[in-house]
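*Asks:* This is what each chain is made of:
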Amino acid sequence: MTFFRTHRTAVTVIAFVLTYVVVKLLSVLPLVNGGPLLNGYYIQLIALAGINIVMTVSLGMVNGFTGQFSIGHAGFMAVGAYTSAMITTVWLHTSVTNPWVGYPVFILAILAGGLLAAAAGYLVGTPSLRLKGDYLAIVTLSANELIRTVIRVTNALGGPRGLGGIPKFTNLEVVFVFTIVSVVLMRNYLFSSHGRSMKAVRDSEIAAEATGINTTKQKVFVFVFSAFFAGVSGGVFAHLLQFIHPDNFSFVKSLEYLIYLYVGGSTSISGAIVGPAVFTVLPELMRALQQWRMVIYPLILVLTMIFRTEGIMGAREFRFILIPQRQRKEVSA
Amino acid sequence: MGQFLQQLINGIQIGSIYALIALGYTMVYGIVRLINFAHADIFMVGAYMGFFLAPVMARVFGGAFIPTIIAAMLITGLLGFIMEKLAYRPLRYKSRLSALITALGVSLFLENFCALPFVFTPAFRKFPDLIVARNIPIPGNLGLNISNVLLLDVGVSVILMVLLFWFVNKTLIGKQMRAVAFDKPTASLMGINIDVVISTAFIVGPALAGAGGILYGTTYGMLASPFLGIWPGLKAFIAAVLGGIGNIPGAVLGAYIMGISEAFATSVNSNLGYGIAFAILIGILLVRPSGLLGKFMPEKV
Amino acid sequence: MALLDVQHLTQFFGGLRAVSDFNIQLEHGEIVGLIGPNGAGKTTVFNVLTGVYTPTKGTIVFDGQNIVGKKTYQITQAGIARTFQNIRLFSQSSVIDNIKIAYHFRMSYGNTDAFLHTRKYWQGEQLVDDYAIDLLRLFHLEGHAEDVSGSLPYGAQRRLEIARALATKPRLLILDEPAAGMNPAEADELMEMIHWLRDKFDLTILLIEHQMRVVMGVCERIKVMDFGETICEGVPEYIRNDPRVCEAYLGKGA
Amino acid sequence: MRRLFAIILVCALVASVGVGCKKAEVLPTEQVVNMGGIFPMTGGSATFGTSSKQGVAMAVEEFNTAGGAMVGGVKTTINYVNEDDTGAPEVGASAAQKLINQDKVIGIVGAVMSKVSLAVAPICQAAGVPEISPTSTNATVTLVGDYIFRACFIDPFQGTVMANYAYNILKVKTAAVLYDNGNDYNKGLAEFFKAGFEKNGGKVVAFEAFTDEDKTVDYKAQLTKIKATNPEFLYLPNYYASAATILKQARAMGLNVPAGGGDGWDSPDLVKIGGAAVEGGVFSNHFSKDDKSPKVQDFVTKYTTKYGEAPDALAALAYDAAGLLLDAFKTAGSIKGSDIRDAMKNTTFSGIAGAYKFDANRNPIKAAVIIKIVNGEQTYLTTVNP
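Chains as they are written, first to last, in our numbering: chain A, 31 to 363; chain B, 25 to 325; chain C, 201 to 454; chain D, 4 to 389.
These aren't lab readings, by the way, just hints derived from the structure by calculation.
Possibly wrong hints are sitting among the right ones.
What the hints assert, rightly or not - Here are the simulated DSS-like cross-link-like pairs (lysine-lysine), alpha carbons at most 27 Å apart as the crow flies:
1. D:Lys339 to A:Lys198
2. C:Lys271 to B:Lys319
3. C:Lys400 to A:Lys247
4. B:Lys319 to C:Lys270
5. D:Lys309 to D:Lys333
6. B:Lys208 to A:Lys162
7. D:Lys275 to B:Lys150
8. B:Lys319 to C:Lys257
9. A:Lys162 to B:Lys118
10. D:Lys275 to D:Lys206
11. D:Lys309 to D:Lys295
12. B:Lys150 to D:Lys218
13. D:Lys305 to B:Lys150
14. B:Lys150 to D:Lys251
15. D:Lys107 to D:Lys348
16. B:Lys150 to D:Lys339
17. C:Lys270 to A:Lys247
18. A:Lys247 to B:Lys319
19. D:Lys375 to D:Lys333
20. A:Lys54 to D:Lys360
21. D:Lys295 to A:Lys198
22. C:Lys369 to A:Lys247
23. D:Lys360 to D:Lys295
24. B:Lys150 to D:Lys375
25. A:Lys247 to C:Lys320
26. A:Lys162 to C:Lys271
27. A:Lys162 to C:Lys369
28. A:Lys162 to B:Lys319
Using the sequences plus the hints, can you model the full thing?
*Replies:* In structure tokens form, the structure reads like this:
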């Protein structure tokens, strides 16, 4: 019976795998003018969307579900990106030519990046999570800029020259696995006793304490694992772009994730998937508009917020996100 | 010693401009609990108004500075008013965060719209010389450097701040603003027209930012692009939080602390100066979680 | 030995003395009321007992364990649960999740199980689901189990808040004005429920209440506070006739 | 909700198919192929992008007017597709993917900033499409691979040129540097100036930084510190707007020593913003508008007529970069990336910034000129050969 309930997770995974197969086929089969429908351009967009989805879902864990207000998420992404890039590129000189060595190193490197980002999250979160609302926002934003300043003045990390020559380990498969695993892990956490505690902290911190929840610990833990996923995203991002620069991770970038999250719907994982997916692709679709592109884009944003205040998804979830309720047996009391 | 004083003066000058922007952030926040990210862009519009209006004003009035600053304040005030009506009013009784994202959207819109070729264009602009910069001789041999522009910056800021204090504390609408900031539902039950109060905040705050824009242009003589508001805006916003957001004297205090600490941090290590300012901010907030003058109000159980 | 033993409890807020030399001993199974006019310091006493404030002076021994300086969640885990004067539900969570949240600190699985949805997770979830639905049934809320708690009617919210407090399996239950906003009929039901709670869950109950009918009807012992001081203590009949109590509520010469 | 999602999905598909179907028009005797440009058209660096785009557009127009190229006997002209990178590396990368995969460009001119070029370069290299950056001075850009070229000097050359000029010609013994530490161009020039100046025996008495030109306008804190060290020379390897603003503030506080900079100074706005403060300033550049050669004069006149403003260094280099690419295309007579690359490697293109020849790392070997601001006009002083 236990298996039957976990079956839903399996269904979700199968759905994702099918999506992957379709995308892969479209990117290989010569459908349009002898070339695939999904050429390198679309593949890169899908990859960026996947990375943005993980960033947004992890930000949603802190902002949407735990009710904290962090606007420095790109800082943790930077920590992960630089750590993993240093490992694969500068210290170990791995390359894609030998995938049997390259990929294990890459995976360990992005995990190391995630762990270091988590450590940074712990350092930032422990003292600052007792701050509320906008004050917390400012501290996280400052931490973001502080991380960037440190990178910029550290010549070993490339300083303002950036860090280039990173092997391109991130391909469609990596992005799919990374996105699905990350989202499923966070979804699982959310639909657990700990996830319920997160929402309790959001709804009433005082009541949460009074029901025996160590709210400080819960908040810091969420902040730390959110930073972890941001760090891993950073690693995947670095190995997609093959070049990273401190400006990739400025507070403006953090604000972008904030926009993705709230436009999608901050209290739903589905929203944190739809928001970045739509708003990563949208500006690219509007390239033909030239300079008008960046005028229309914010207009769409504002109109979305006015007409769908709680975001595109609101608090609703796609069915595949939800954990099925078990059928309760009718017990006579 | 001379260098120390000079850095203090440098900090005060830039702090004055931050203060004018920070006041708008804090006023709007106090009343509608919204971080109006677009405020920085109103500041930018104010600066550009100076660029476009100064020649006209000089022709019409002879002198340019005072008519330009007044005209810029009127225009930015109007812009703030329209912005609130169109973008924020529909969201007023809904989620604060939706309003925040809307503010980000409005900010992006203003920046990119103003950068269009037939609006302000993204090009560098030389700001007209509204006053002729001169150094003021300082007795003693500390080598201090004080220009009339500096005195103008500080003077105009102080005058506008005093006017604002008078406005908030002595006029009826100012008192209503304070009442609304304190407790919106009760204020509304007392017969205060919330709409009018909010509109006023969205006129007065942006008008101050407009004045800040003119001072910015006069001081630095150049408008880089319609994106020029982002960083002064961010610093001013941080200053407002530092002082205790929603608190008017706090915003001014925060702005001067921000300006002065930036000047000193830069003089200690210009490579890290930018980061040091943020470190100071984190330090202050960890010690005083509600800013310097903000009241820490734990939730009542 | 008393379940709760509070000695010389004093609480200052800046220069303001909110509670002064407060003493109380609760025996197992007692229902005790704390009354007094507004601002007498009753809620402050509750907040100190539950660790919201650390007392300026005094000792609080619960079940042989000094709980001064402990955090609220630690005190809850030690066995003191409370409700709030103005209801504080997890209003965006479902009714049943409110109960499950209160069970969190007893939950058998950890963070890793939560991320991976291991067998342990499913076992734990099944356990808590059974537990929560049974508890809801006792409070006639099982039909609302999946509703958003913020949308419940007022009376049901009150019941849910008590049920949630009970889900932490406390030995001492502290009720902050449970009858607030209730009509006489509802208040009667509440009184019945308080007795039933005590018996069914083997509880000791301390409550603040303004409705004298409720206090007098349900409490076995009453303590009266005014301006942070205890002015009188005893069985309901004694309190009812004490002139100091009358004076505190109605003013001198009344 | 479902419907909204479906609509978005359909839109995306239609758009992708629509764009995917667009391809070069094939005519029996004439054909048009695409050439790409990646520049910041929106955001804080849009001015740089506008100049560059105008330079490229002019080069393409001239190329087409002159008859284009013959590819396999077919007359081939160029359609210039310009994409916006907003100044962000990942947007630049997307733009490169689009140009290569959708527009099938024969080559890309761009980007302005090294950080964007470095994100574009691996994509071009992997796809075998030549990229030539007009203005990315970071030495690592062309090291990405053999399809990546540039039309400008790299940092060491310019920094050293000005260090030598200051020490040997201006005879100054002490210098102060104030640069943007958020930008590799500025930092590179600053560091090589320092190294060169100290190698000559001079002393850099102050080496101060500020953060990000588009964010900083107040340099008084740094200048106060610099002034206390009494330098004889001020090296400001920044873009024209910052350089002019710094000099204004320096002059206002009585720091009246000669100043110098790099090619970032080359813009009519330098004098417009700086006025008297920039008078006497010297900077290294790729060409001088004073140059009497008809090529330069022709370019300056045509550009000014066409766009109503004098060309700056960015426009000139973009014009040359596009010229280089188109010339190689014509020489190769092929739309294959590898053919164009090989032609580029052996080019002897003569642009307005002199004769181009690439070294082993695909950096141009060409002379620098030193220009002085005299009476608000750029005046040619001397040429320095590498």
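*Asks:* Hints first: check each against the structure and report whether it holds.
*Replies:* Hints, verified against the model:
Between Lys339 of chain D and Lys198 of chain A, the direct Cα distance comes to roughly 24 Å. Compliance with the 27 Å bound is thereby established for this hinted pair. The hinted pair formed by Lys271 of chain C and Lys319 of chain B meets the criterion: a straight-line CA distance of about 24 Å does not exceed 27 Å. Restraint check for Lys400 of chain C and Lys247 of chain A: the C-alpha separation of about 34 Å exceeds 27 Å, so the hint is violated. For the suggested pair Lys319 of chain B and Lys270 of chain C, the alpha carbons sit about 26 Å apart, so the restraint of at most 27 Å is met.
Proximity of Lys309 of chain D to Lys333 of chain D is assessed by CA-CA distance (about 25 Å); at most 27 Å being required, the pair is judged to hold. In summary, the hint linking Lys208 of chain B to Lys162 of chain A is supported, as the alpha carbons are separated by about 21 Å, within the 27 Å threshold. Of the supplied pair hints, the one linking Lys275 of chain D and Lys150 of chain B holds, its CA atoms being roughly 7 Å apart against a limit of 27 Å. In summary, the hint linking Lys319 of chain B to Lys257 of chain C is supported, as the alpha carbons are separated by about 26 Å, within the 27 Å threshold.
Between the alpha carbons of Lys162 of chain A and Lys118 of chain B the distance comes to roughly 20 Å, so the proposed pair stays at or under 27 Å and holds. Of the supplied pair hints, the one linking Lys275 of chain D and Lys206 of chain D is violated, its CA atoms being roughly 32 Å apart against a limit of 27 Å. Taking the CA atoms of Lys309 of chain D and Lys295 of chain D, the gap is near 20 Å; set against the 27 Å cutoff, the hint holds. Taking the CA atoms of Lys150 of chain B and Lys218 of chain D, the gap is about 17 Å. The hint holds against a cut of 27 Å.
Proximity of Lys305 of chain D to Lys150 of chain B is assessed by CA-CA distance (about 25 Å); at most 27 Å being required, the pair is judged to hold. Under the criterion of a C-alpha separation no larger than 27 Å, the hint pairing Lys150 of chain B with Lys251 of chain D is consistent with the structure, at around 12 Å. A hinted pair counts as satisfied when its Cα atoms are at most 27 Å apart, and Lys107 of chain D with Lys348 of chain D qualifies at roughly 22 Å. Of the supplied pair hints, the one linking Lys150 of chain B and Lys339 of chain D is violated, its CA atoms being roughly 46 Å apart against a limit of 27 Å.
Only pairs whose Cα atoms come within 27 Å are accepted, and Lys270 of chain C paired with Lys247 of chain A is accepted, the gap being roughly 15 Å. With a C-alpha separation of about 26 Å, the suggested pair Lys247 of chain A and Lys319 of chain B falls inside the 27 Å cut-off, and the hint holds. A C-alpha spacing of about 37 Å is found between Lys375 of chain D and Lys333 of chain D, which places the hinted pair above 27 Å, so the restraint is violated. At most 27 Å may separate the alpha-carbon atoms for a hinted pair to count; Lys54 of chain A and Lys360 of chain D exceed this at roughly 43 Å.
The hinted pair formed by Lys295 of chain D and Lys198 of chain A fails the criterion: a straight-line CA distance of about 48 Å is larger than 27 Å. This hinted pair checks out: Lys369 of chain C and Lys247 of chain A have alpha carbons roughly 22 Å apart, not beyond 27 Å. Straight-line distance between C-alpha atoms of Lys360 of chain D and Lys295 of chain D comes to about 22 Å, which keeps the hinted pair within the 27 Å bound. In summary, the hint linking Lys150 of chain B to Lys375 of chain D is supported, as the alpha carbons are separated by about 21 Å, within the 27 Å threshold.
A distance of roughly 22 Å separates the Cα atoms of Lys247 of chain A and Lys320 of chain C; the hinted pair therefore holds under the 27 Å criterion. Simply put, Lys162 of chain A and Lys271 of chain C have alpha-carbon atoms about 19 Å apart, close enough for the 27 Å limit, and the pair holds. Between Lys162 of chain A and Lys369 of chain C the CA atoms are separated by roughly 31 Å; this puts the pair beyond 27 Å, and the hint is violated. Straight-line distance between C-alpha atoms of Lys162 of chain A and Lys319 of chain B comes to about 13 Å, which keeps the hinted pair within the 27 Å bound.
The structure does not agree with the numbered hints 3, 10, 16, 19, 20, 21, 27 stated previously, though it agrees with the rest.
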